[in-house]
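Given chain A, put chain B in place with the hints provided.
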Amino acid sequence: MNLFGFARKQRRARSAETAKDRLQILLAHERSGGGRGGEADYLPMLQRDIVEAIRKYVSIGETDVEVRMERGEQMSSLEINVELPSEVGSKAG
Amino acid sequence: MTVDLKEKPALGRVIVITSGKGGVGKTTSAAAISAGLAKQGHRTVVIDFDVGLRNLDMTMGCERRVVFDFINVIQGDARLKQALIRDKRLENLSILPTSQTRDKDALTKEGVEKVLDELKQEFDYIICDSPAGIEHGAQMAMYFADEAVVVTNPEVSSVRDSDRVLGLLSSQTKRAESEGADAVKAQVLLTRHDPARVESGEMMNVEDVLEILAVPLLGVIPESQAILRASNIGTPVVLDQPSAASRAYEDAVRRLTGEEVEMRIAGERRPGLFHRLFGRAS
Chain A
0 MNLFGFARKQ
10 RRARSAETAK
20 DRLQILLAHE
30 RSGGGRGGEA
40 DYLPMLQRDI
50 VEAIRKYVSI
60 GETDVEVRME
70 RGEQMSSLEI
80 NVELPSEVGS
90 KAG
Chain B
0 MTVDLKEKPA
10 LGRVIVITSG
20 KGGVGKTTSA
30 AAISAGLAKQ
40 GHRTVVIDFD
50 VGLRNLDMTM
60 GCERRVVFDF
70 INVIQGDARL
80 KQALIRDKRL
90 ENLSILPTSQ
100 TRDKDALTKE
110 GVEKVLDELK
120 QEFDYIICDS
130 PAGIEHGAQM
140 AMYFADEAVV
150 VTNPEVSSVR
160 DSDRVLGLLS
170 SQTKRAESEG
180 ADAVKAQVLL
190 TRHDPARVES
200 GEMMNVEDVL
210 EILAVPLLGV
220 IPESQAILRA
230 SNIGTPVVLD
240 QPSAASRAYE
250 DAVRRLTGEE
260 VEMRIAGERR
270 PGLFHRLFGR
280 AS
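Chains A and B, in that order, are what the protein sequence lines are. Its first residue numbered 0, the first sequence is counted upward by one per residue in numbering that gives the first Met the number 0. Its first residue numbered 0, the second sequence is counted upward by one per residue in numbering that gives the first Met the number 0.
The set of hints was computed from the structure by calculation and includes no laboratory data. Keep in mind that the hints are not guaranteed to be accurate.
[What the hints assert, rightly or not] Some chain B residues judged to face chain A by a derived CB distance under 10 Å, without partners named:
| # | residue |
| --- | --- |
| 1 | E62 |
| 2 | R64 |
| 3 | Q99 |
[To be verified] Below, in silico cross-link-like pairs of lysine-lysine (DSSO-like), each with a Cα-Cα straight-line distance of 30 Å or less:
| # | chain 1 | residue 1 | chain 2 | residue 2 |
| --- | --- | --- | --- | --- |
| 4 | B | K87 | B | K173 |
| 5 | B | K173 | B | K7 |
| 6 | B | K184 | B | K119 |
| 7 | B | K80 | B | K113 |
| 8 | A | K55 | B | K80 |
| 9 | B | K80 | B | K119 |
| 10 | B | K87 | A | K19 |
| 11 | A | K19 | B | K7 |
| 12 | A | K19 | B | K20 |
We treat Cβ as the ideally placed atom computed from N, Cα and C, and that holds for glycine.
Here chain A stands alone, though its shape is the one from the complex:
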């Protein structure tokens, strides 16, 4: 009985901790973006620039670039997938 109660309390505490961790990470990113959560606002421009840069060498469509973001506490990762047309002979990077 006691053991069960203890386990339940532990579980509940853990979800509150998860909530706090998630908020701290998210808000740190939002606040660092010059106030109004603008952190990710450069991403559309970044994508446009990437597409343009690649187009100097290979002809790709605008939807052939996929940008993904994973925000972390210590660092965030930006994943950029470019799908190249098969004529070029190389596959997606």
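Frame of chain A; chain B shown alone:
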């Protein structure tokens, strides 16, 4: 990359989750309903219409993966395909987050319609999570709806606001404005229902609320600790461990897809002999 299945054409049903009043459980319900639909195998997308106060991403647990948003798509800065976030738990569930930085005027009727039309080609259910209030954002969320889920708490201001929203659904929507079109099918989802307080006469019961609002009932979601836990960990309640709330949402989802499911109200049983003799537990 989204749907390359040789399946039947998408149903393309647009359902708005709305309420008027804030804090009644719209986003929780939008997350639970969309996850519930996807869990049943329906291709589902859930859109956050609360521009400037994005929260669906947190409730769905994808807040760290937002790159582009609904507004980027409307303004042509990103393609829809790029802005959709594929859920990590259910492959036929996608999330379209909103912008945290723009203001509500960025939602234009034409822009919203274009995005919804594109989504209708690929998804069976398009769940629109409305912001609170009855201003522009809420109007945009409901304008193109085929159906509405009006989230209501058994409490006076919530019921009053729901009534107001029901009025808007029957006058300020595309279906209301198009001659010959069926009205938006509106149903009430009663949330934060507390059977003990209903029983003691402190809280209006389901019949009271329905009598006032005069629309069909989609479901009754009990007040539950599972809701806060699910929001803490960023998991729609139907994807977390089973609870009275998750069962109630799953029933509501089945009704939404046209199934007939008996209305069971969690905890609301005739008090048994034991209770009558020894008083109420909880």
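Cross-check of the supplied hints:
1. E62: holds (5 Å)
2. R64: holds (6 Å)
3. Q99: With a minimum Cβ separation of about 4 Å from chain A (threshold 10 Å), the hint on B/Q99 holds.
4. B/K87 <-> B/K173: Distance of about 34 Å is beyond 30 Å: violated.
5. B/K173 <-> B/K7: holds (27 Å)
6. B/K184 <-> B/K119: Satisfied, since the Cα-Cα distance of roughly 18 Å is no more than 30 Å.
7. B/K80 <-> B/K113: holds (13 Å)
8. A/K55 <-> B/K80: holds (24 Å)
9. B/K80 <-> B/K119: Measuring from Cα to Cα gives roughly 13 Å; hence the hint holds.
10. B/K87 <-> A/K19: holds (21 Å)
11. A/K19 <-> B/K7: violated (43 Å)
12. A/K19 <-> B/K20: Roughly 26 Å separates the two Cα atoms, so the pair holds.
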